[in-house]
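Peer 1: Each protein sequence line maps, in turn, to chains A and B.
Note that the working numbering numbers the first sequence so that position 246 is 246, with each residue one more than the last.
Note that the working numbering numbers the second sequence so that position 232 is 232, with each residue one more than the last.
In case anyone wonders, no lab produced these hints; they're calculated from the structure.
For glycine and all other residues, C-beta sits at the position ideal for the given N, C-alpha and C.
Among the hints, erroneous ones may be present.
Claimed, not checked - If you want a taste of the chain B side facing chain A, the calculated C-beta under 8 Å gives, among others:
#	residue
1	Met1
2	Trp17
3	Ser22
4	Arg26
5	Glu39
6	Glu40
7	Glu77
8	Leu289
9	Val299
10	Pro302
11	Glu306
Claimed, not checked - Below 30 Å or equal to it, Euclidean Cα-Cα: the simulated DSBU-like pairs (lysine-lysine) are:
#	chain 1	residue 1	chain 2	residue 2
12	A	Lys172	B	Lys2
13	A	Lys290	B	Lys2
14	A	Lys73	B	Lys2
15	A	Lys27	A	Lys73
One-letter residues, chain by chain:
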Amino acid sequence: MILAIDMGGTHIDGVLLRQGVLLKSVKHEVDRADLFNSIWQCLQDLLQGQEKGEITRIHLSTTICTNAIVENKVSRVGVIVQSGPGINWDFDRLGDNLHYLSGSTDHRGIVTDNFRQSDLQTIRASFQDKGVESLAVISKFSPRNPDTEQKIGDFFADDYQEITLGHRLSGKLNFPRRVQTAYLNAAIADSFRSFANSMLTALAEEAITAPVYILKADGGTVDLDTAMQRPVETILSGPAASFVGISALFPPTDKDAVLLDIGGTTTDIFFLAAGLSLFEAAGIEIDGRKTLVRAVYSNSVGLGGDSYVYQDKEEIRIGPERRGPAVAFGGQDLTPTDALVYLGLMGGKYPQKATEALAVFAADMGLDTEACARRIVTIFCDTIRQRIEEILGHINSSPVYTIRDLLQGKQVKPQSIKLIGGPAKALAGPLQEASGLEVSFPENYEIANALGAGLARPTTEISLYANTERRILSIAELDIYQTIDKSFNLAQAEEIALKAVTRAGLAMGLPPDQIEAEIIESSSFNMVRGFMGRERNIRVRAQIKPGLLYDLQEAEQGGRHESQ
Amino acid sequence: MKANNSLGLIFFPAFDWAISPSHPEREERLLYTQDQLFEEGIADIEGIHFFNPGLAGPADVERVHFAYPDPDSIVTESHYIAAGGVMRALDAVMSGETDKAFAMVRPPGHHAQRVTYGDRGFCIINIEAVGLEYIRQKYPDLRVAIVDTDCHHGDGTQDIYWNDPDTLFISFHQDGRTLYPGTGDMNELGGPGAYGYTLNIPLPPNTGDEGFLHVLDNVVLPVLDDYKPDLIINSAGQDNHYTDPLTNMNFSAQGYALLNEKLNPDVAVLEGGYSIEGALPYVNLGIVLAMAGLDYSGVREPDYYEGKWRQSLRVSRQVEEISDQILKKWKNREKLAAEKFRGRQKVTLPRQVYYDTAGIMESQQQEFKICADCPGLNVIHSANDRGDSLIGIQIPRRACPACQAEGYRLFEETGKMKVKGRFLQDKTGNKYFSA
Chain A
1 MILAIDMGGT
11 HIDGVLLRQG
21 VLLKSVKHEV
31 DRADLFNSIW
41 QCLQDLLQGQ
51 EKGEITRIHL
61 STTICTNAIV
71 ENKVSRVGVI
81 VQSGPGINWD
91 FDRLGDNLHY
101 LSGSTDHRGI
111 VTDNFRQSDL
121 QTIRASFQDK
131 GVESLAVISK
141 FSPRNPDTEQ
151 KIGDFFADDY
161 QEITLGHRLS
171 GKLNFPRRVQ
181 TAYLNAAIAD
191 SFRSFANSML
201 TALAEEAITA
211 PVYILKADGG
221 TVDLDTAMQR
231 PVETILSGPA
241 ASFVGISALF
251 PPTDKDAVLL
261 DIGGTTTDIF
271 FLAAGLSLFE
281 AAGIEIDGRK
291 TLVRAVYSNS
301 VGLGGDSYVY
311 QDKEEIRIGP
321 ERRGPAVAFG
331 GQDLTPTDAL
341 VYLGLMGGKY
351 PQKATEALAV
361 FAADMGLDTE
371 ACARRIVTIF
381 CDTIRQRIEE
391 ILGHINSSPV
401 YTIRDLLQGK
411 QVKPQSIKLI
421 GGPAKALAGP
431 LQEASGLEVS
441 FPENYEIANA
451 LGAGLARPTT
461 EISLYANTER
471 RILSIAELDI
481 YQTIDKSFNL
491 AQAEEIALKA
501 VTRAGLAMGL
511 PPDQIEAEII
521 ESSSFNMVRG
531 FMGRERNIRV
541 RAQIKPGLLY
551 DLQEAEQGGR
561 HESQ
Chain B
1 MKANNSLGLI
11 FFPAFDWAIS
21 PSHPEREERL
31 LYTQDQLFEE
41 GIADIEGIHF
51 FNPGLAGPAD
61 VERVHFAYPD
71 PDSIVTESHY
81 IAAGGVMRAL
91 DAVMSGETDK
101 AFAMVRPPGH
111 HAQRVTYGDR
121 GFCIINIEAV
131 GLEYIRQKYP
141 DLRVAIVDTD
151 CHHGDGTQDI
161 YWNDPDTLFI
171 SFHQDGRTLY
181 PGTGDMNELG
191 GPGAYGYTLN
201 IPLPPNTGDE
211 GFLHVLDNVV
221 LPVLDDYKPD
231 LIINSAGQDN
241 HYTDPLTNMN
251 FSAQGYALLN
261 EKLNPDVAVL
271 EGGYSIEGAL
281 PYVNLGIVLA
291 MAGLDYSGVR
301 EPDYYEGKWR
311 QSLRVSRQVE
321 EISDQILKKW
331 KNREKLAAEK
341 FRGRQKVTLP
351 RQVYYDTAGI
361 MESQQQEFKI
371 CADCPGLNVI
381 HSANDRGDSL
391 IGIQIPRRAC
401 PACQAEGYRL
411 FEETGKMKVK
421 GRFLQDKTGN
431 KYFSA
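This is chain A alone, in the form it adopts within the complex (with noise of 0.2 Å):
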């Protein structure tokens, strides 16, 4: 039985599971002031009555390290940065424990002038002086050569219990934002580790053994050894548990599709490629940062259910403002929702207020009331429409690197929309008029991010690099660094690229039977040095499929979903 809880800005949502089929589901407020007592309360409600033995996993999609970055609750983090030449990059932004540290190492990993070892005694004594909490240490292509970052660590290995290492959290170049990204999860680690720990004394004290996961921002989980090391991949993970429910809501495709998710401030946007999730390029930002956390590519326009309605030179317009409820709900202003109730496309509570507000907007604009109402709606769809169809122009004009991707690159050409949220119902045909794609809604679609979270399987990614000539490989994130002989070949890589992330998922907790291994990249460069023999320049990335741990199921005959 795995057992998920999805806490979002208001609300906390849990289930219960059992392979696929729907036991439970729970609903709370967030109490934003104790995250952690949220989501035992949560967790006891759905515990209740069932027996704790039978919970095989734990799955999170927790708020905990969002909401810290967000309201600046971080550690005070000292930050290493040794930028060599290049772009001068103004890491300022990092604080008071900013230390630029001599030294390089170039592109092909080669240390071209090493640091002074004298210096990290200063900054030593400044950080002790300053109080500073944790480490991030990150050298310019340290995934390509550690050796900087790791002696910087074991300098302070006695000093600090979080020190983070830029080259552990992706294999992928870009110094900028790898930077950031190792400060965030210095700066959140200690507020994860203690959430953890409190989640981990609480458990054992209900004699709950099952382990736990943590959902990240690409739609998969981590186990929770893990997400103490590398915290920052737990940010932002809201939208991803939201993109795994709408798909676990609808039958297995393997089609390009849009997902949409209509709230009421806000709709969010998916994609299906192939029926695979689509990734943000470099990764996701947060606060202002760019980082390398691997995130569901996903956008959200300013425009839900609730977005208010007025008039603007002559015209229509809708959102992004909030500001309230529907008038067929109790509010004061009109909002689409209220277009739809009067249209007779969705129920309200007060449907005949909301035909008077709309009435007299309708009046002031100059039309009868259904034409306006209609107008209303059509705006609304024409709006989502253009939106996806600006995303996906940026979308399929993603760089390439190769001829074949320029000539006969994949391009996402959704053939349908999955639509989930309030007022999904009543936006289908409207929605279906604007866009000509098919649109479909499932009937329960409340618990969507709690199920996502609950059936989202663990996922991670490594790059490989080898190079024959110096004899070397590496997977930056698995902190594998080796050598190979001068015969080392494509196939080779593959293999150990495959091996290792199968490895890594075994150790993530994912089931053997459920891995799915495969390779994401994969070239090999001849390199040419004058007349001595031809060398190869490979690299290669490989993930763990994303995915569903399992295909949603309908209940048994007589089975019963209880919903409190």
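Given chain A's structure and the hints, the job is docking chain B onto it.
Peer 2: Here is chain B on its own, set in the frame of chain A:
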């Protein structure tokens, strides 16, 4: 970080294409440049945009080349894409999408001449020219300067714009007596319709940063000030670098960046440069930052220190001497042209062109009519050692009615001649014929 000039980057390394597995023009060429640009976080600089290249087609090639037997038979996909990269760069700048653009594409193009039978110096079609003639379809009156800073003479671009007063071509390069392709003497100044609008600055081996910047300050910038182009294109070859395996110059990444900042081109196009680990990652980064108007002071090669490659006094004096002479030629170009062409009806230019990559030897004769009313009709008779032959007739932009009529009459006459290929470029009517 925000760019002061918005910059479109057409970064297309063609990771799946090589002339041959161990050829300098192989998959690996821009691999380390990509590593460096990615690690530096170029894509996260506000105002720097990555664009995919467009795809040039036969019609784009025919505007520039007499391609024998026809474009599709000799032009590879990768050459079409490299030219498409330049087209995309020019589109971005001319439409105002970005202030500047840099086509970091391969293979190069500046050795491809008007007649093309195949690959020459890794070039089959002239990617700058294909791009420029494409954008001139939309903006016909463009006055353009192409400044070629590749270490090899841009002989292809010179040939294409030899007689075009609307396209100023300036090349600085290692002296042709010491390097492929051998041409680019300072007395090569252009055809009768555009004399002085081709300028060659041959530099002695071991010229360093000071020498290049001297040429820029004392020849290129004053000439551009006079010429007042609407658009400056930099053929940004990177083989003047001190680590380049094919050449003997001592230019550095800092030097390249400073040159670019001073030249201030609208569009830069990667040409040659085969020190793929030691030079390209740094030079390309320097050019990107300079074009974006950002601080490039931190960009340097790991083994570089100030003064490492200072040029000798002898080289400095040679460079100063050459610069003075060329600037004089530019200032006196009208007088020089009058002396050179007085009383003549046409100029005939016989020469041999060797295609080193394809292994073809071509003999050709170009004839430029001297016309009082326009740049003048011109004709190329060409044959190669594979038994191919062609006649190419060009009616230039701004041709007078007489030259236009004569062009068509000549094309008609070629039907009776024993040549395998017959071409007519009517640039006034934007019509292209081949038979």
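Peer 1: For every hint, state whether the structure bears it out.
Peer 2: So, going through the hints one by one against the coordinates:
no.	hint	result
1	Met1	7 Å, holds
2	Trp17	6 Å, holds
3	Ser22	5 Å, holds
4	Arg26	6 Å, holds
5	Glu39	4 Å, holds
6	Glu40	5 Å, holds
7	Glu77	6 Å, holds
8	Leu289	7 Å, holds
9	Val299	6 Å, holds
10	Pro302	4 Å, holds
11	Glu306	13 Å, violated
12	A/Lys172 / B/Lys2	23 Å, holds
13	A/Lys290 / B/Lys2	14 Å, holds
14	A/Lys73 / B/Lys2	29 Å, holds
15	A/Lys27 / A/Lys73	27 Å, holds
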